[in-house]
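Top line first, the protein sequences correspond to chains D and W. All residue numbers for the first sequence refer to the UniProt record's numbering, where the first residue is 1 and numbers rise by one. All residue numbers for the second sequence refer to the UniProt record's numbering, where the first residue is 1 and numbers rise by one.
Hints were generated in silico from the structure; no laboratory data involved. Computed from a prediction, not measured in an experiment: that's the story for all the values here. Cβ atoms here follow ideal geometry from the backbone N, Cα and C, with glycine treated the same way. Accuracy of the hints is not assured; some may be wrong.
[As the list claims (entries may be wrong)] Computed far set for chain D versus chain W, every beta-carbon distance over 12 angstroms: (1) Glu44; (2) Asp64; (3) Thr277; (4) Ile337.
[What the hints assert, rightly or not] Keeping only pairs whose Cα atoms sit at most 30 angstroms apart, straight-line, the calculated DSSO-like set for lysine-lysine is: (5) Lys731(W) / Lys422(W); (6) Lys731(W) / Lys335(D); (7) Lys368(W) / Lys288(W); (8) Lys720(W) / Lys23(W); (9) Lys377(W) / Lys120(W); (10) Lys221(W) / Lys26(D); (11) Lys221(W) / Lys336(D); (12) Lys23(W) / Lys288(W); (13) Lys628(W) / Lys39(D); (14) Lys336(D) / Lys422(W); (15) Lys720(W) / Lys336(D); (16) Lys39(D) / Lys368(W); (17) Lys577(W) / Lys553(W); (18) Lys377(W) / Lys335(D).
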Amino acid sequence: MINFQYSRATDVADAILLLSAHPGAKLIAGGTNLIDLMKENVEEPSRLIDISRLPLRKIEETADGGLRIGALVPNSDLAYHPLIEQRYPLVASAILAGASAQLRNMASVGGNLMQRTRCAYFYDTATPCNKRTPGSGCSAIDGLNRNHAILGTSASCIATNPSDMSVALAALGARVHIAGPSGERTMALADFHRLPVDTPHIDTNLDIGEIITAIELPPRGFAHHYSYLKIRDRLSYAFALVSVAAALELEGNAISEARVALGGVAHKPWRSLEAETALRGQAATADHFSRAADLLLQGAQAYSHNSFKIELARRAIVRTLMQAANATPQSQAHKKIA
Amino acid sequence: MNAYVGTPTSRVDGRAKVTGTAKYAGEFTANGLVHGFVVAATIPRGRIARLDTSEALRVTGVLDVLTHTHRPPLADKDEAWMDEVAPDEGSPFRPLYDDNIKFNGQPIALVVAEDWETAKFAATLVHVEYQEGAFGTDLEAGRDKAIEVQGPHKPRGDAAGALAGAAVRHEADYFIPTEHHNPMELFATTVVWDGNGRITVYDKTQGVQNVHKYLCGVFGKKPDDIRVLSPYVGGAFGSGLRPQYQVVLATLGALALKRSVRVVLTRQQMYGLGHRPATIERVGLGAKPDGTLEAVAHEATAVTSRYEDFSRNDSGWAEQLYRSPNSRYSHKLVRLDVSTPCDMRAPGAASGVCALECAMDELAVALKLDPLELRLKCYSDRDQSEDLPYTSKQLRECYARGAEAFGWSKRNPTPRSMRDDKELVGWGMATGVWEALQMPVAVRIVLTANGHAEVYCAASDIGTGTYTIVAQVAADALGLPIESISVKLADSTLPQAPVEGGSWMAASSAHAVLGAAEDIRRELARLAKTMPASPLGGVDAADVILVDGTIAKAGDKGRAVSIADAMRYGKLERIEKHKLNHFAEDKSHARNTHSAVFAEVKIDEQLGVIRVTRVVSAVAAGRILNTKTGRSQIMGGVVWGIGMALHEETVTDHRFGRIMNANIAEYHIPVNADIHDIEVIFVEERDDRINALGVKGLGEIGIVGVPAAIANAVYHATGKRIRRFPITLDKLLA
Numbered sequence: 001m002i003n004f005q006y007s008r009a010t011d012v013a014d015a016i017l018l019l020s021a022h023p024g025a026k027l028i029a030g031g032t033n034l035i036d037l038m039k040e041n042v043e044e045p046s047r048l049i050d051i052s053r054l055p056l057r058k059i060e061e062t063a064d065g066g067l068r069i070g071a072l073v074p075n076s077d078l079a080y081h082p083l084i085e086q087r088y089p090l091v092a093s094a095i096l097a098g099a100s101a102q103l104r105n106m107a108s109v110g111g112n113l114m115q116r117t118r119c120a121y122f123y124d125t126a127t128p129c130n131k132r133t134p135g136s137g138c139s140a141i142d143g144l145n146r147n148h149a150i151l152g153t154s155a156s157c158i159a160t161n162p163s164d165m166s167v168a169l170a171a172l173g174a175r176v177h178i179a180g181p182s183g184e185r186t187m188a189l190a191d192f193h194r195l196p197v198d199t200p201h202i203d204t205n206l207d208i209g210e211i212i213t214a215i216e217l218p219p220r221g222f223a224h225h226y227s228y229l230k231i232r233d234r235l236s237y238a239f240a241l242v243s244v245a246a247a248l249e250l251e252g253n254a255i256s257e258a259r260v261a262l263g264g265v266a267h268k269p270w271r272s273l274e275a276e277t278a279l280r281g282q283a284a285t286a287d288h289f290s291r292a293a294d295l296l297l298q299g300a301q302a303y304s305h306n307s308f309k310i311e312l313a314r315r316a317i318v319r320t321l322m323q324a325a326n327a328t329p330q331s332q333a334h335k336k337i338a
Numbered sequence: 001m002n003a004y005v006g007t008p009t010s011r012v013d014g015r016a017k018v019t020g021t022a023k024y025a026g027e028f029t030a031n032g033l034v035h036g037f038v039v040a041a042t043i044p045r046g047r048i049a050r051l052d053t054s055e056a057l058r059v060t061g062v063l064d065v066l067t068h069t070h071r072p073p074l075a076d077k078d079e080a081w082m083d084e085v086a087p088d089e090g091s092p093f094r095p096l097y098d099d100n101i102k103f104n105g106q107p108i109a110l111v112v113a114e115d116w117e118t119a120k121f122a123a124t125l126v127h128v129e130y131q132e133g134a135f136g137t138d139l140e141a142g143r144d145k146a147i148e149v150q151g152p153h154k155p156r157g158d159a160a161g162a163l164a165g166a167a168v169r170h171e172a173d174y175f176i177p178t179e180h181h182n183p184m185e186l187f188a189t190t191v192v193w194d195g196n197g198r199i200t201v202y203d204k205t206q207g208v209q210n211v212h213k214y215l216c217g218v219f220g221k222k223p224d225d226i227r228v229l230s231p232y233v234g235g236a237f238g239s240g241l242r243p244q245y246q247v248v249l250a251t252l253g254a255l256a257l258k259r260s261v262r263v264v265l266t267r268q269q270m271y272g273l274g275h276r277p278a279t280i281e282r283v284g285l286g287a288k289p290d291g292t293l294e295a296v297a298h299e300a301t302a303v304t305s306r307y308e309d310f311s312r313n314d315s316g317w318a319e320q321l322y323r324s325p326n327s328r329y330s331h332k333l334v335r336l337d338v339s340t341p342c343d344m345r346a347p348g349a350a351s352g353v354c355a356l357e358c359a360m361d362e363l364a365v366a367l368k369l370d371p372l373e374l375r376l377k378c379y380s381d382r383d384q385s386e387d388l389p390y391t392s393k394q395l396r397e398c399y400a401r402g403a404e405a406f407g408w409s410k411r412n413p414t415p416r417s418m419r420d421d422k423e424l425v426g427w428g429m430a431t432g433v434w435e436a437l438q439m440p441v442a443v444r445i446v447l448t449a450n451g452h453a454e455v456y457c458a459a460s461d462i463g464t465g466t467y468t469i470v471a472q473v474a475a476d477a478l479g480l481p482i483e484s485i486s487v488k489l490a491d492s493t494l495p496q497a498p499v500e501g502g503s504w505m506a507a508s509s510a511h512a513v514l515g516a517a518e519d520i521r522r523e524l525a526r527l528a529k530t531m532p533a534s535p536l537g538g539v540d541a542a543d544v545i546l547v548d549g550t551i552a553k554a555g556d557k558g559r560a561v562s563i564a565d566a567m568r569y570g571k572l573e574r575i576e577k578h579k580l581n582h583f584a585e586d587k588s589h590a591r592n593t594h595s596a597v598f599a600e601v602k603i604d605e606q607l608g609v610i611r612v613t614r615v616v617s618a619v620a621a622g623r624i625l626n627t628k629t630g631r632s633q634i635m636g637g638v639v640w641g642i643g644m645a646l647h648e649e650t651v652t653d654h655r656f657g658r659i660m661n662a663n664i665a666e667y668h669i670p671v672n673a674d675i676h677d678i679e680v681i682f683v684e685e686r687d688d689r690i691n692a693l694g695v696k697g698l699g700e701i702g703i704v705g706v707p708a709a710i711a712n713a714v715y716h717a718t719g720k721r722i723r724r725f726p727i728t729l730d731k732l733l734a
């Protein structure tokens, strides 16, 4: 870990000013990922701008019946908030599938979106990594890539995004509220994270000097037919090999609306509008779910150690959609896959 | 008198541990304490071409940067670096000794600064250039270069011939990956500078006297110049048997600066210490159609470093378990550019018995025999290598009790035949075996006239409960309440003890306590009998016992003198006895502990997710001194066995020769969600021959057999035989 300067932002405008004034600076809220990366010398910010005291901790209903979640709301507070539990249980479930209680207590909603990949090469400064050191090469493509992406990869990076919450937010069509030097804007969460292409060192579409102020959930919460299923190498406290957020609206047994997003398989939460469109109007059956899985996994490419992920993802998609259709969502507390 | 021995006595140090008053090596402090941070090599083999510390030295607060060219002197002979657990063959690693890089993660510099953060920062400013050498870290790639070392037993008969001619035969390779201990407590040493070259060393170690002797050798110090303490150890599991490099670095720092220095390794750096070596276990079993074994051939090929030959008994355990007229057990090593492996819970047996017991399961399938029935058919009442009977062996009873508790008789033998909704259910079993060792240990007991006793011994308590059992045995032997016993351990100035390992410390320390307490009893009996009008007058000293704070006639507590009165009469403030344990030499019997492990797995048929929903471990290990800490020991072993079966694997990128999951987020061990019902059964095993108390030790036996029982259950559930550990879901989906 290197020495760094520390500033405490007094308000959002101050945070933006500080960010713009100090090009090597990073924002810090819960610090659950950034501090780890600093300890490993992967992140070496010249300055930390502490935003943890900014007034971005509210969860409020919006005029159109949605929900606006302040960027600094701790992950646990969000997961256990009554409005989230009642109206957006998919979000609660995805959050509780991730990390540990202690980490969720510290981690902020905005920070969750900003967490970086868990690729082992990204973490090890003794090995090449295009994400950490642009142009140095990707060690994972021909290396240990069991945990790596199968969708949206590039020749320069096959890392995955590790967030669970983002997968649920992507499925629900959340929007990200952003403030920056040129004012405020919003962006669909689906557009927030980038694919690696040839700039894997840039994870998101935030511009320089911009800060996440809130996440907005649309009114539709899919509270009846949802499930978040995370498949990993142990039953808790591990990153996803594959995770699936599924949300359905049913009329009888017919699907009127469908959302499916995948985690652990790409550089961002993975959705396929084609797959979701194909589900609409269909009966909620394993066959139809299987077809949707095929569409979601179109173009999937395996590397030397992760070919299992394609079939695992296919099966997990079907299972999660069945859980959602049957209104038997995966519990994050039971020691069992339902 | 057994008021405490054999009971579920709570840990006497439990309160200190949970309230934080128990201090660990990295928590001791001293005036002017400064902090060292290790700079580690990032290549597996080569030389340091250039090491530039100037930028680091310019950082405010940095006091020095020690390197192989800038440090106090270190011994230049291997003998000085040999600790009591060092392999016989090889040249022990010497930190900061020269420019040679022997493994990735090797320490190459120690930055010492006023505070830890400054040291850590300055460590990033130490610039290294390497002259890289050709290297190898892959066991499987190096298998053809394996060298044979001495096997655990001499061969009997013609195993190869008998195997080739057997009616039913099973041969296969089982792969156990490298594993790391990952104790909760980080490796740490605080060296307190006492002045005039004398130091007090608080070290995370399983043996303070081992570290003491090592430091004296390495630094050319007199015994009185160094004192080593390790009052509490937050787990070690074998990783603390040998002195680790941080104790050398912290001492170097203290000697260089003439100040107190603390060095705490990071979790990542701990992956540069010892490890359970990756091993290919080749097992061949030949049998007659009725299940009688004709041949056992077990060959282990394990990783060692290029500078030391570390090997353990992986392959020889069938000799204790299964009757076979022909057997061959061999051990091979592949020397690679890694740090030397070290003992890790049930070293050798955890890996070797895993393979053997998987192979026995496969043989049972080939014979169409129930796996338990096959074990009973091959049951050996004698240790075949020396053709000796056992001091005790209640393994049959373990099988019976374990099978009954588990419900083994309800098992449908056909794979994939049992299910629970979406999950396939599998039942598997395996046998466990370990040695019942005992070592020379001495204690000093000081009994004061107020009825309080202090027990002193250099042994460590690595979390296993040594403080507690020593207190229990002393309380019973001295007839005092356990609250009146204080136990002081893990100080190199205390009576002798070897490293705490091998499951030998319970029996060894308990009998040292018994010996010293017996000397106290004799002295008190003599005093009490000579008091005027003594109620013990005329009572044979051998019939005098210590009970309830008194010296009494056995069987007649009414004839008693209080300890306080007797000591006052003798004008004694204290009675102090020092005693080395003594075990009658007995080469006519084998000594082992045994277990039968039964496991149930439930596996999501579609997704491959594996859950170990039940484990029954029936253990025969002589007298259990403390049924509470004993049960915890076995449960911990079972949990670790679950990890070995399903989770644990140190992953190396052999292109870089670097461990890529050197942290406990990515190096998986079981978490609570992975653990379900674990039932521990202690099978009664009276053993009057092994030692006075009939104690055998429990440290290792809990893990042995567990991975195999789970792997066998996975086969029963799925019909898939996974011989490459850990069994992860991708292997089931393949």
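Right, here's what the structure says about each hint:
1. Its closest Cβ contact with chain W, about 8 angstroms, brings Glu44(D) to no more than 12 angstroms, contrary to its assignment away from the interface.
2. At roughly 38 angstroms, the least C-beta separation between Asp64(D) and chain W is larger than 12 angstroms, which holds for a residue marked as non-interface.
3. Every C-beta of chain W lies more than 12 angstroms from that of Thr277(D), the closest at about 26 angstroms, which supports listing it as non-interface.
4. Residue placement check: Ile337(D) does not keep its beta carbon more than 12 angstroms from all beta carbons of chain W (closest about 5 angstroms).
5. Straight-line distance between C-alpha atoms of Lys731(W) and Lys422(W) comes to about 19 angstroms, which keeps the hinted pair within the 30 angstroms bound.
6. For the suggested pair Lys731(W) and Lys335(D), the alpha carbons sit about 21 angstroms apart, so the restraint of at most 30 angstroms is met.
7. Proximity of Lys368(W) to Lys288(W) is assessed by CA-CA distance (about 12 angstroms); at most 30 angstroms being required, the pair is judged to hold.
8. Note on Lys720(W) and Lys23(W): the hinted pairing is violated, with a Cα-Cα distance of about 48 angstroms set against a maximum of 30 angstroms.
9. Distance hint between Lys377(W) and Lys120(W) is unfulfilled; the C-alpha atoms sit about 60 angstroms from each other, more than 30 angstroms.
10. Between Lys221(W) and Lys26(D) the CA atoms are separated by roughly 50 angstroms; this puts the pair beyond 30 angstroms, and the hint is violated.
11. Taking the CA atoms of Lys221(W) and Lys336(D), the gap is about 58 angstroms. The hint is violated against a cut of 30 angstroms.
12. Among the hinted pairs, Lys23(W) with Lys288(W) is inconsistent with the structure: their alpha-carbon atoms are about 59 angstroms apart, more than 30 angstroms.
13. The suggested pairing of Lys628(W) with Lys39(D) is violated, with an alpha-carbon distance near 40 angstroms, which exceeds 30 angstroms.
14. Straight-line distance between C-alpha atoms of Lys336(D) and Lys422(W) comes to about 11 angstroms, which keeps the hinted pair within the 30 angstroms bound.
15. At most 30 angstroms may separate the alpha-carbon atoms for a hinted pair to count; Lys720(W) and Lys336(D) meet this at roughly 21 angstroms.
16. Taking the CA atoms of Lys39(D) and Lys368(W), the gap is about 56 angstroms. The hint is violated against a cut of 30 angstroms.
17. Pair hint Lys577(W) plus Lys553(W) holds up; C-alpha atoms about 22 angstroms apart against a cutoff of 30 angstroms.
18. About 38 angstroms separates the Cα atoms of Lys377(W) and Lys335(D), which puts this hinted pair outside 30 angstroms; it is violated.
Hints 1, 4, 8, 9, 10, 11, 12, 13, 16, 18 from the earlier list are contradicted by this structure; the remaining hints agree with it.
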